[in-house]
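As given, the protein sequences belong to chains A and B, one line each in that order.
Each residue of the first sequence is one higher than the one before, starting from 1 at the first, in this note's numbering.
Each residue of the second sequence is one higher than the one before, starting from 1 at the first, in this note's numbering.
Derived from the structure by calculation, the hints contain no laboratory data.
It should be emphasised that the depicted structure is a prediction, and the values quoted were computed from it without experimental measurement.
Fair warning: there could be bad hints in the mix.
Which copy is meant is left open, because identical chains are indistinguishable; a pair holds if it fits in one copy or across any two.
To be verified - DSS-like, lysine-lysine: derived pairs with alpha carbons at most 30 Å apart:
| hint | residue 1 | residue 2 |
| --- | --- | --- |
| 1 | 60 | 294 |
| 2 | 3 | 161 |
| 3 | 350 | 382 |
| 4 | 311 | 47 |
| 5 | 60 | 47 |
| 6 | 87 | 311 |
| 7 | 163 | 3 |
Number of protein chains: 2
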Amino acid sequence: MPKFARRISNMQASADVIRQLFESMSDPETISFGGGAPAREALPVEKIHDIADEVLTRDKRGIQALQYGNPMGLPDLRQAVIERLLKPKGLNAGMDDVLIVSGGIESMNLVSQLYLEPGDVVLVEAPTFVQAVQIFQLFEATVIPCETDNSGLVIEDVEAKIKKFSPKMVYVIPTFQNPSGRTTSLERRKALAELGSRYDVIILEDDPYSEMRYSGETLPPVKSFDKTGHTIFVNSFSKIFSPGSRLGYIYANNDIIRKVYDIKTATNSHASVLAQVICAEFFNRGLYEPHLKKIRDIHRERRDVMMECIKTMLPDEIKSVYPDGGLFTWVELPRKVNTTSLLADALAQKVAYVPGREFFVEDRDNHDNCMRISFGGILPDKIRIGMERLANVIKKTL
Amino acid sequence: MPKFARRISNMQASADVIRQLFESMSDPETISFGGGAPAREALPVEKIHDIADEVLTRDKRGIQALQYGNPMGLPDLRQAVIERLLKPKGLNAGMDDVLIVSGGIESMNLVSQLYLEPGDVVLVEAPTFVQAVQIFQLFEATVIPCETDNSGLVIEDVEAKIKKFSPKMVYVIPTFQNPSGRTTSLERRKALAELGSRYDVIILEDDPYSEMRYSGETLPPVKSFDKTGHTIFVNSFSKIFSPGSRLGYIYANNDIIRKVYDIKTATNSHASVLAQVICAEFFNRGLYEPHLKKIRDIHRERRDVMMECIKTMLPDEIKSVYPDGGLFTWVELPRKVNTTSLLADALAQKVAYVPGREFFVEDRDNHDNCMRISFGGILPDKIRIGMERLANVIKKTL
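Model the full assembly from the supplied sequences, consistent with the hints where possible.
See below:
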């Protein structure tokens, strides 16, 4: 058989862990803190039902929902993005600056296809979102981690690595980061945008969680400090509407969007129109704002329960991140615990998480005592049960 | 600003024509034979409405439709593909051999990402589907056309070019080809599968139209003659269900599908689950077979009207393809007519088509007298009006 392209063997072999986690999610007995899904109780099923019931009729809208669409995406949905999602963040986009994609992952894929040559360097946070790394590797980029602390990327390290490696791109999730739950400070957001402009580097700002804030003050995105067009802002509807719809968007200068349009056309033409029509209607009926309040309340309770469980059930010597929003917290266990080998014990006790090493590109052994814990998808009572199981598994190793 | 990747400038600059055609489609006065959309009257709006009404409830299925899915695709939909679409073609696939993608275009994209290195050669039909060529070029492949006649690819030319260029892949639409409407003969289908096996070349068989047969005898796919796994069979639900849903599938040996799974994960995770749930239910309720009969009847009438118009309205010296199915016919006008410069006149008279040169990789000037005419999306009466307009525009140039 013909050989697969070199890029395939370049992908980090963590696909197996992701596969395993997908599988553990389908076992109803297992309480999985491993997923990245929002609360099923937060999915607007009834509202989507009502909208589908009204739009799926044999008139202009019903036909539109089932016929080919424009690669830019549905105008109504782009308008909703501009007015209801970007403007409140202080971002003033025009209709030609926003393109609808098939979920957040795809935005990273399209931007990578637009910019990355084999051997190009992409700087990422350590730890970072593992699927983004796989995408960069699929385009044969060299992925180099930068230091982070509780205020996000350490700017001095980013600047030093820009000078040393001349990267094409810096990838960052500034708010309620996946996997750490950390938020980049205001000063560092400004500094990141300025680094992009000064050194001619793309800042790829991934923002799927910022709407899901449960405490603390809202911060403006990196993109709001971008004066030269170097920051590309990408986002997803997965957390605020529905993951299964596979919708997201890219906001960038129009000369970039025009090229993304060509690549999107050659990737899969356009996002599912039915999903776009329903999502646009969800915003245009004014359903989004009350829905956001509801899902914040649901997830805030889970965050609070999880942080209480961590405090009361886990040993004193652990460290954890208190996330002001999003779906994740990050736990550092004592050095002698190996969360990768612990996972088999945990799964046997019907509880799951993602071992910390999976989120690192380099120096993975040094993070074998960490784990990402997701509280978004689990009911509060189940969080307590799951954390009891996990605490027992951990205690046995100490 | 950082430079775009080299692959971007490698894409043939026909994106503008596609953009222009998308725009002409939105002018209600223009009768466009330029699109590739099926009849809007053939879209199962009411059935999809009924299904959405039933599945979008706060139970397992409704939640499933809105939550993250598996990159392989919904098991129910893969099962429907295997039983209702592949088995009737003589193809016996297992559940692990079929992966659901976001439309037919994406299957080409994923297979290209799996196999193509910069400089690899892909053989295509001349003429061929222009968006497939753009995908191959986006992966920096060299696209080389092979001769075709009324029975499809000329096998001797394919074999000679395999020997000369050692291609990675041969791309073929054997049934009711886009743009020519031609169908590859049984003997040549066998021969193509054998060439793939003998010379260790991937045969990428694209089959979006074969269900839409209005006359003549059904032919088995190239894949049914593949003994070594070299043929990858890709297909779309756009013509038989709905283009806007963006659903398709890839059928290949499991060792290939496993790698496609990784790439699909890194491209956009999975196809829209809502669309998949509705499509699976469409098949499982037994709605597909009567729907297929209906859409064949609708499109057969349009094919017949179009061929009658061509015969009676266009000058005697033209040649055209009589398609036994699909959406397209191919018209060769006298040498002195240039269909690219004619398009402006045609658009002024509110009728559109795609100039023939757009479907060729090489020697495009030599096909400036050709045009692709799509009859699928236009009501019979409108076909007559549009063809009168087109006939007048053509006659003025003779």
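Hint by hint, here is what the structure shows:
For a Cα distance limit of 30 Å, the shortest separation of residue 60 from residue 294 across copies, 21 Å, qualifies, whereas the shortest one inside one copy, 32 Å, does not. Within a single copy, residue 3 and residue 161 get their C-alpha atoms only as close as 35 Å, which misses the 30 Å cut-off; across copies the closest is 20 Å, which meets it. Taking the shortest alpha-carbon separations for residue 350 and residue 382, only the intra-copy value of 12 Å comes in at or below 30 Å, while the best inter-copy value is 63 Å. In the homo-oligomer, the alpha carbons of residue 311 and residue 47 never lie at most 30 Å apart, since the shortest distance is 37 Å inside one protomer and 53 Å across protomers.
Taking the closest pair of Cα atoms, residue 60 and residue 47 come within 30 Å of each other both inside a single copy (21 Å) and across two copies (17 Å). Taking identical chains as interchangeable, the C-alpha atoms of residue 87 and residue 311 are never at most 30 Å apart, the minima being 38 Å within one chain and 57 Å between chains. For the identical chains of this complex, residue 163 and residue 3 are inter-copy neighbours only, at 18 Å across copies versus 37 Å inside a copy, given an alpha-carbon limit of 30 Å.
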